Amino acid sequence: MTSHNNLTIKKAREGLLKKDFSAVELLNAYLEQIERKNSELNAFITVCKSEALEQAKHADKLLSEGQDLPLLGIPIALKDIYSTKGIQTTAGSNVLKGYIPPFDATVVARLKEAGAVIIGKTNLDAWAHGSSGENSDFGPTKNPWNTDFVPGGSSSGSAVSVSAQMAIAATGTDTGGSIRLPASFTNTVGLKPTYGRVSRYGIVAMASSLDSIGHFTKNVEDSALFLNVTAGNDPLDGTTPTVEVPDYTKKLDKDIKGIRIGIPKEYFIAGMDPKVRENIEKAIKFYEENGCKIEQISLPHTEYAIATYYIIQPAEVSSNLARYDGIRYGNKRKTFGEEAKRRIMLGTFTLSVGYYDAYYKKALKVRTLLIKDFEEAFKKVDAIIAPVSPTLPWKIGEKANDPLSMYLSDVFTVTANITGHPGLSIPTGFVDGFPVGMQIIGPHFKEELLFNLGHRYEQEHKWFERNPYET
Amino acid sequence: MKVDVLHIAKLANLTLSKEEIAKYEEQLSSILSYIDKLQKVDTKNVPETSQVTGLENVTSDDQTFPSLSQDDALSNSQNKHNGLFKVKGILNDQP
Amino acid sequence: MNRSTNGLKGILMKHRVIIGLEVHVELKTRRKMFCNCSAQYFGQEPNTHTCPVCLGLPGALPVANRKAIQWCTQIGMALNCSIPSFSKFDRKNYFYPDLPKGYQISQYDEPFCLKGEIAVNGAKIGITRVHMEEDTGKLLHETVDGEKVSLIDFNRSGVPLVEIVTEPDFDNAKNVKAYLQKLQQIVRYLGVSDADMEKGQMRLEPNISISLDENSKSLPKYKVEVKNINSFSFVEKAINFEIKRQLEILERGETPVQETRGWDETKQKTVTQRVKEEANDYRYFPEPDIPPIKWNEKELAKLNESLPELPDEKLNRFIKQYRLSDYNAEILTREIDLADYFEEAVKLDKAVTPKQIANHIINKKVNINNVFPAKLIAEILSSSKIEDVSREDLIKIIKEVLAKNPKIRADYALGNESVLQFAIGQVMYVLRKKIDVNHLRNLIVEELK
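Residue numbers (our numbering), protein chains in the order written: chain A, 151 to 621; chain B, 44 to 138; chain C, 276 to 724.
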């Protein structure tokens, strides 16, 4: 591993612009790391070596011409649920094994336009169904901090690719915590933007009204840089508002004095690992010491979030997975894995005649109440801080036969998906050798504030400078 | 709650094995009994939220863009014939 | 009930025929409903009008065509529907190889148009709803290499489709046919569809049932839907066949099976169609990819104002304004192009009455694509007979004209025959009546001798 693998986007850009190294050299450092580590971690389903080399060479040409683009020459991994023209896109499922999209997802097109080098497609729980990364038809992804443990999911490979220094940044999707949870389990920064902030076009849909398109980076500043490229209205996605896209890096250093931070009492529950709790409380202390006003708040419907989520999400899943009939692309429906079938069944049931009102309609009403909870809270506070997971990563296989307990690991993350709020997961240190993270949740489209709060904490603690391979 | 797994599987176009039917019967009923806690929430006069953006009237102009070529459209299909997708005759089972 | 083995006796039983209709009309927008592929698929090479959206590729998302929504709403307005200010799309979930997403984007409980009505042969027909959805791909059933297969062309997938549902207000096939003709006329007037049955741009599904209780308002417990009808005359035949078939069953004391049947034109009967899947459970839910549609009053008023004059209004105006017979007015307003042609001709020459123009168009079966209105007027003028004008009066006017224009005589004497045309025009101008031009010409020539 060369020193290139430690770089943030910002530092790598500086090196490229100063000609300390070329984009091809940078790419090779990451390809070598993949070569070294991927067989152990199983973070990538596809490595796009030749395409990436072409892109890196092109980046070097542009750099030699004095051109600059926001992500020029930066090796980036894509969760294998982002459609990539000419490159296999599997969604982690055998159903899509061999499927080669004839088009790029909007985010992929934007990343390419910004000069990014697409290094590969990362592993995930099939169809993004899962919290652990174990549920992939291409084998489980492993946590680089301890390979007997899960890295969190569903964007497991993307989190691990950044954590294990196989990519500088990686894309993910967050439908119920699928970015924030693996970020907190791997010592990476994970952003789940406001619903609609980033286009969903071309990203295999899990639950359309919940899917949030975000990314993993080493630190908060990179996360802001990345969002600068991906955010904004897309005419191909009718659910992306035309809300202005600010330069998200502008307010990173702003003074945080006086910012009101809410701590929801429902998120510090019995059954939470006391060491995780202590870790988060220490992080909260930082904000208190830096002039933020810490207030205990209540989000009274929180206990109904998982139930609400496990009605809305499988219902949309059952419909979104109906197109996979093996006629136009992909393989037959019998190739669906166990979890996908379970969700299709659950969603088909809750939408069926006689049950729609009791389940689906009811859930849409409770969703309104959950949104109200946040609206009330954001009258009193500017942002909310909460743990991402009540526990540390678990051992691979531990929850495999108990779907309900697996579902409950999303307890702190699903609400932001139901309500559409943005959440930033940032490392807050280590417990028993495992990374821990907190999430900062803000009002719709206030990602700037989340970056500001996250960045200030990070500058003080710099957890991101630690990696699983340091000596 | 007991779910008619066979009926649901038919609606969902899934073919399940005997073991799967038994397993899903048990798992779905355990998940549903958890989900049933929602019935405790008072939602009288509460409107439904199916989308959170608050957006309305997002439409586009009546303008055409080039389509995929026939080759591209069919490129991922394993069964095709003369520019068409091919499936087993669906009228075969006609009485 | 008096049992009888004679099927004909059933027809004599007291009964009430109940018919409702579902009609699908394909809109002629440039692009498809939810993507930018061209909607003009007819006769094109298969699978050349598709994209990730209408092929249902992973990750593709729909964006609704504004023009199609407006046109759907205008159809509703023309059928006197109320237009709710809030409307949305829903997913209708079912599996079929021609349905690429495994669901059809349609409208369930909040369609664009509700509760309209339209008069047909003096009967009021209630319109339940008019809603917007997307068409499916097209299936072809063939034998390839000895194997029975179904082939799919997705060019039609996603073409905007408007569904118009009536109340079960029809009690005979004749009115159904009249309604369908009227509906076709309306969408053509609106310019939103060519509604060509042969091209599948208009599809009909009558549902028919019979109640043996003449007075009861309640509907029978069954109904039979008939599909695969591709002309107005077949719909009449299919319905009459069904009425007879169902009566025979009822007469035996049985209840017809609730089912979908198809019209078989060669056998001249309806036949049971394959039963699709099991009970219809479409698991509708709000389409999460498309934000709802909200109208404000100004927008609706604007849409309403931009409606053209509709067939009924035009018919009444023609009768009143041009003093046409009901029969003539009906023929002239059947197609908007013909109506426009007629009015253009009327404006051209006040010397010819609208009635003459109407008669000429109808009796001579004028091809409006070949005969310009000006030429039509000329034809009418030249074919008119001298009726009220006596030979003496004509000669008197000719003499006056020749006296006033001595140049006519002079030019004619020099062999310039074309000057006759001028003379005819001058006589006609004074006369202000349509006469036989050849006759007039002969009279003028005689005077010039």
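No wet-lab data here; the hints were simulated from the structure.
Please read all numbers here as calculations on a predicted model, not as lab measurements.
There's no promise every hint is true.
[What the hints assert, rightly or not] Straight-line Cα separation of at most 25 Å, DSS-like style, residue types lysine-lysine; simulated pairs:
(1) A:511 with B:61
(2) C:569 with B:123
(3) A:484 with B:80
(4) A:522 with B:80
(5) A:545 with B:53
(6) B:45 with A:522
(7) C:502 with B:123
(8) B:131 with C:363
(9) B:123 with A:511
(10) A:522 with B:83
(11) B:80 with A:549
(12) B:80 with A:247
(13) A:484 with B:123
(14) A:484 with B:83
(15) A:511 with B:131
(16) A:511 with B:53
(17) B:45 with A:482
(18) C:569 with B:131
(19) A:484 with B:61
(20) C:367 with A:482
(21) C:367 with B:53
(22) B:83 with A:415
(23) A:511 with C:367
(24) B:61 with A:549
(25) A:549 with B:66
(26) B:66 with A:482
(27) A:549 with B:45
(28) B:83 with A:247
(29) B:53 with C:413
(30) B:87 with A:511
(31) C:640 with A:522
(32) C:423 with B:87
(33) B:87 with A:482
(34) A:484 with B:66
(35) C:502 with A:484
(36) B:131 with A:482
[To be verified] Residues from chain B shown here face chain C by an in silico Cβ test under 8 Å; the list is partial:
(37) 56
(38) 77
(39) 80
(40) 90
Built from N, CA and C at the ideal position, the CB exists for glycine as well.
Verification of the supplied hints:
no.: 1; hint: A:511 with B:61; in the structure: 32 Å, violated
no.: 2; hint: C:569 with B:123; in the structure: 43 Å, violated
no.: 3; hint: A:484 with B:80; in the structure: 33 Å, violated
no.: 4; hint: A:522 with B:80; in the structure: 19 Å, holds
no.: 5; hint: A:545 with B:53; in the structure: 36 Å, violated
no.: 6; hint: B:45 with A:522; in the structure: 33 Å, violated
no.: 7; hint: C:502 with B:123; in the structure: 29 Å, violated
no.: 8; hint: B:131 with C:363; in the structure: 36 Å, violated
no.: 9; hint: B:123 with A:511; in the structure: 41 Å, violated
no.: 10; hint: A:522 with B:83; in the structure: 18 Å, holds
no.: 11; hint: B:80 with A:549; in the structure: 23 Å, holds
no.: 12; hint: B:80 with A:247; in the structure: 38 Å, violated
no.: 13; hint: A:484 with B:123; in the structure: 21 Å, holds
no.: 14; hint: A:484 with B:83; in the structure: 37 Å, violated
no.: 15; hint: A:511 with B:131; in the structure: 38 Å, violated
no.: 16; hint: A:511 with B:53; in the structure: 23 Å, holds
no.: 17; hint: B:45 with A:482; in the structure: 28 Å, violated
no.: 18; hint: C:569 with B:131; in the structure: 44 Å, violated
no.: 19; hint: A:484 with B:61; in the structure: 14 Å, holds
no.: 20; hint: C:367 with A:482; in the structure: 22 Å, holds
no.: 21; hint: C:367 with B:53; in the structure: 16 Å, holds
no.: 22; hint: B:83 with A:415; in the structure: 21 Å, holds
no.: 23; hint: A:511 with C:367; in the structure: 16 Å, holds
no.: 24; hint: B:61 with A:549; in the structure: 24 Å, holds
no.: 25; hint: A:549 with B:66; in the structure: 16 Å, holds
no.: 26; hint: B:66 with A:482; in the structure: 22 Å, holds
no.: 27; hint: A:549 with B:45; in the structure: 24 Å, holds
no.: 28; hint: B:83 with A:247; in the structure: 43 Å, violated
no.: 29; hint: B:53 with C:413; in the structure: 24 Å, holds
no.: 30; hint: B:87 with A:511; in the structure: 12 Å, holds
no.: 31; hint: C:640 with A:522; in the structure: 70 Å, violated
no.: 32; hint: C:423 with B:87; in the structure: 55 Å, violated
no.: 33; hint: B:87 with A:482; in the structure: 43 Å, violated
no.: 34; hint: A:484 with B:66; in the structure: 17 Å, holds
no.: 35; hint: C:502 with A:484; in the structure: 33 Å, violated
no.: 36; hint: B:131 with A:482; in the structure: 13 Å, holds
no.: 37; hint: 56; in the structure: 4 Å, holds
no.: 38; hint: 77; in the structure: 21 Å, violated
no.: 39; hint: 80; in the structure: 22 Å, violated
no.: 40; hint: 90; in the structure: 12 Å, violated
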